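Enquirer: The residues making up each chain are set out below.
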Amino acid sequence: MSETPPGGPTGGLPTGDGENALEFRDPEKARAIADTLAEIGEELEDPPATVMHVCGSHEQSIAKFGIRSMLPDTVRLIMGPGCPVCITDMPEVDEAVALAESGVTVATYGDMLKVPGTSKSLDDARAAGADVRIIYSAGDVVEIAEEEDGEVVFFATGFETTAAPTAAVVLSDPPPNLSILSAHKYVPPAMEIVAEMPDTDIQGYLAAGNAAIITGSGIFEELAERHELPVVVGGFEPLDILAGVTRLVEMIRDGEAGVENAYPRCVTREGNEPAQEQLWEVFEGVSGQWRGIADIPDANLVLRGEYAEYDARERFEIDTASLADAGATGLADDCICGDIMSGTAEPTDCEMFGEECTPDDPVGACMVSSEGTCKIWHEYGGRPDI
Amino acid sequence: MSGTTDPSAADDERRVELKHGAGGTATRDLVTETLAADFADPDDALVGLAEMDDGAVVPVGDASVVVTTDTHVIDPPFFPGGDIGRLAVSGTVNDLAVMGATDVRALTSAVVVEANYPIANLERIADSMASTCEEADASVVTGDTKVMGNGELDGVVINTTGIGVADHVVSDAGLSPNDVLIVTDSVGEHGISLLAEREGIEFGSDLESDVKPLNDLLAVALETAGADVTAMKDPTRMGLAGALNEMAAKGDVGLEIREERVPVTSDVKGTGEMLGLDPFQIANEGVAVLGVAPTVAEDVLAALRDHPKGRNAAAIGKVIDDHRGRVVLDTGMGDRYLREPSSEPAPRIC
Chain L
1 MSETPPGGPT
11 GGLPTGDGEN
21 ALEFRDPEKA
31 RAIADTLAEI
41 GEELEDPPAT
51 VMHVCGSHEQ
61 SIAKFGIRSM
71 LPDTVRLIMG
81 PGCPVCITDM
91 PEVDEAVALA
101 ESGVTVATYG
111 DMLKVPGTSK
121 SLDDARAAGA
131 DVRIIYSAGD
141 VVEIAEEEDG
151 EVVFFATGFE
161 TTAAPTAAVV
171 LSDPPPNLSI
181 LSAHKYVPPA
191 MEIVAEMPDT
201 DIQGYLAAGN
211 AAIITGSGIF
221 EELAERHELP
231 VVVGGFEPLD
241 ILAGVTRLVE
251 MIRDGEAGVE
261 NAYPRCVTRE
271 GNEPAQEQLW
281 EVFEGVSGQW
291 RGIADIPDAN
301 LVLRGEYAEY
311 DARERFEIDT
321 ASLADAGATG
331 LADDCICGDI
341 MSGTAEPTDC
351 EMFGEECTPD
361 DPVGACMVSS
371 EGTCKIWHEY
381 GGRPDI
Chain C
1 MSGTTDPSAA
11 DDERRVELKH
21 GAGGTATRDL
31 VTETLAADFA
41 DPDDALVGLA
51 EMDDGAVVPV
61 GDASVVVTTD
71 THVIDPPFFP
81 GGDIGRLAVS
91 GTVNDLAVMG
101 ATDVRALTSA
111 VVVEANYPIA
121 NLERIADSMA
131 STCEEADASV
141 VTGDTKVMGN
151 GELDGVVINT
161 TGIGVADHVV
171 SDAGLSPNDV
181 LIVTDSVGEH
191 GISLLAEREG
201 IEFGSDLESD
211 VKPLNDLLAV
221 ALETAGADVT
231 AMKDPTRMGL
241 AGALNEMAAK
251 GDVGLEIREE
261 RVPVTSDVKG
271 TGEMLGLDPF
281 QIANEGVAVL
291 GVAPTVAEDV
301 LAALRDHPKG
311 RNAAAIGKVI
321 DDHRGRVVLD
331 TGMGDRYLRE
341 PSSEPAPRIC
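Chains as they are written, first to last, in our numbering: chain L, 1 to 386; chain C, 1 to 350.
Please note that the accuracy of each hint is not assured.
Once the Cα atoms are required to be at most 35 Å apart in a straight line, the calculated DSBU-like pairs of lysine-lysine come out as [to be verified]:
#	chain 1	residue 1	chain 2	residue 2
1	L	Lys-114	C	Lys-19
2	C	Lys-146	C	Lys-19
3	L	Lys-64	C	Lys-19
4	C	Lys-269	L	Lys-64
5	L	Lys-114	L	Lys-64
6	L	Lys-64	C	Lys-250
7	C	Lys-250	C	Lys-318
8	C	Lys-309	C	Lys-19
9	L	Lys-29	C	Lys-269
10	L	Lys-64	C	Lys-318
11	C	Lys-269	L	Lys-114
12	C	Lys-318	L	Lys-29
13	C	Lys-318	C	Lys-269
14	L	Lys-64	C	Lys-309
15	C	Lys-318	C	Lys-19
None of these hints come from the bench; they were simulated from the model. If you're wondering where the values come from, they're calculated on a predicted model, not measured in any experiment.
All chains, full assembly: derive it from the sequences and hints.
Expert: Below, the structure written as structure tokens:
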């Protein structure tokens, strides 16, 4: 397992010592890497090589800078289940809506408000008078609970990067009127499931640099070994992404499996060990549904029994029956967000994209979040065929 | 109004939403499907309502008379670099000018104000309208005033109508392949400075609105190139992205824009990055987009740059034959489509 950035074939990346993001947006260097990638792509035994990234922030950069148009025809770069808002399942949203409607204060990240549940979103509940608060970091919920006399529930969503701060809140002896409704998800098991999907047929992963800051690049070693896949941890600037993809395609060409870290200025093999300890002290992974994708073993993070007193599911009888009875809207049945997050469809394959489903009036979760592929493609307009 | 019944149909759930006023596709749909659905253009109109251009053109004698009207509401009404009065005059003058009517013959002004509104503010607004008129060599020749109850209106609303005469009528639909696209100034300053002001973000910078009348500047382009100015547009709400997409769709052409060539100040870039806003999607009130024939592009650019309001003018791209109706943005890395925002861009919440 190499801990050095991909060197020769990509021309080398700036070190980032100057902390100037612009040095990772140098068009000349980008074109040089793209040329190298094109050459490697021609040497592939079985093109096109399909490479999946697993992060909405990667998709943002790819779309914003038009990186897909720089890739040769021999390389496909698709987005997997990398948006925490998108993969939060409808019944989980229903639980939060039911709690809000029952009179408790529900606090959550802003992106969650418009995500449709079976029949309603938290925004709908708020419009009807429920007390729903937007928070900017997990610590904000403690302040809300301290100010409120009644019960406050933190609808906690997101991957490792937000689960670790939630764990820190639980371990900080929070106010007794605060509890956690965890919809946190853990990405590596989802990468395993998607790697096994025959229709997706991916040959390599560009892993999310931000999650790897917590978990370390070493977390992907078992995955790489078990599925004989290359995994490269990548940063978020255009040169980071191009260099990461180039190294992946090079490994695919050479039939090489294993993990490489193309984001060493932020990520180590071990990651942030104290944060990991807190995360696993509070949470355990159980099997659970990722919206529209699959039931994934060990990928839903729930509070361990020792912390049941802070578990909203233990504290309240959450009655979602009335929401489920109301039924989903007809349009939701036509939503292909699940296929998009499994990498078998693109947003523009959806007949509702930009028509019935827009950021102002989203049908599917992928159009809600700024991390969602549909919202990103709607904002940046996809890839022109030039 | 007692004794009358609100005609709203109880069984029709449709309601006007804020997005309908943002100037993008939602506004266009509302206008074409409801407000403008029943109006027919006069037979001799050169440009009518159906064209949804910046103004209409009707022949009067031998002259092509351009008419436009605009209602101005803005929060806050006094902002860095301008106020609602300067905006009301500039907006209408610019709508006339991009139709080719740089000679503004007359303006009207209708003011709706709420009771209890400070008269000193109205005086400031009127002074500002007067000085902007002077700058544009225009006059307000008639007006109207209405007062509504306190709380029935948020401050003050101003409608201005303008009449001008065009030697060469220029529409926003006239682009053809190979035309060169020019912007007259750096983009995004008006919208970003307003949003920063509204969000209470303070900068140690000179970020302010660029609101100004452009008829004198655009007269220079028309004097230089006449009918070789093929299209002009006032990229207000929905910004440069909105204007370019509209020009591409109406002209049934594709546009290719080089991102690095579009002038954007570092203050606008930095603030936009911080607020999650794209300067290309942000409103301008002192910028015009021109399409010109390639043979005159350099002359027009040089003439614009010679004028104090056009010093930052830049050729940002060209018209192409494919990708019809769409705008391709060369980001310096790769290419992507530059989309028209569907509603008014809002600063991100996290």
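Enquirer: Hint compliance check: list the failing hint numbers for this structure, sorted ascending.
Expert: none
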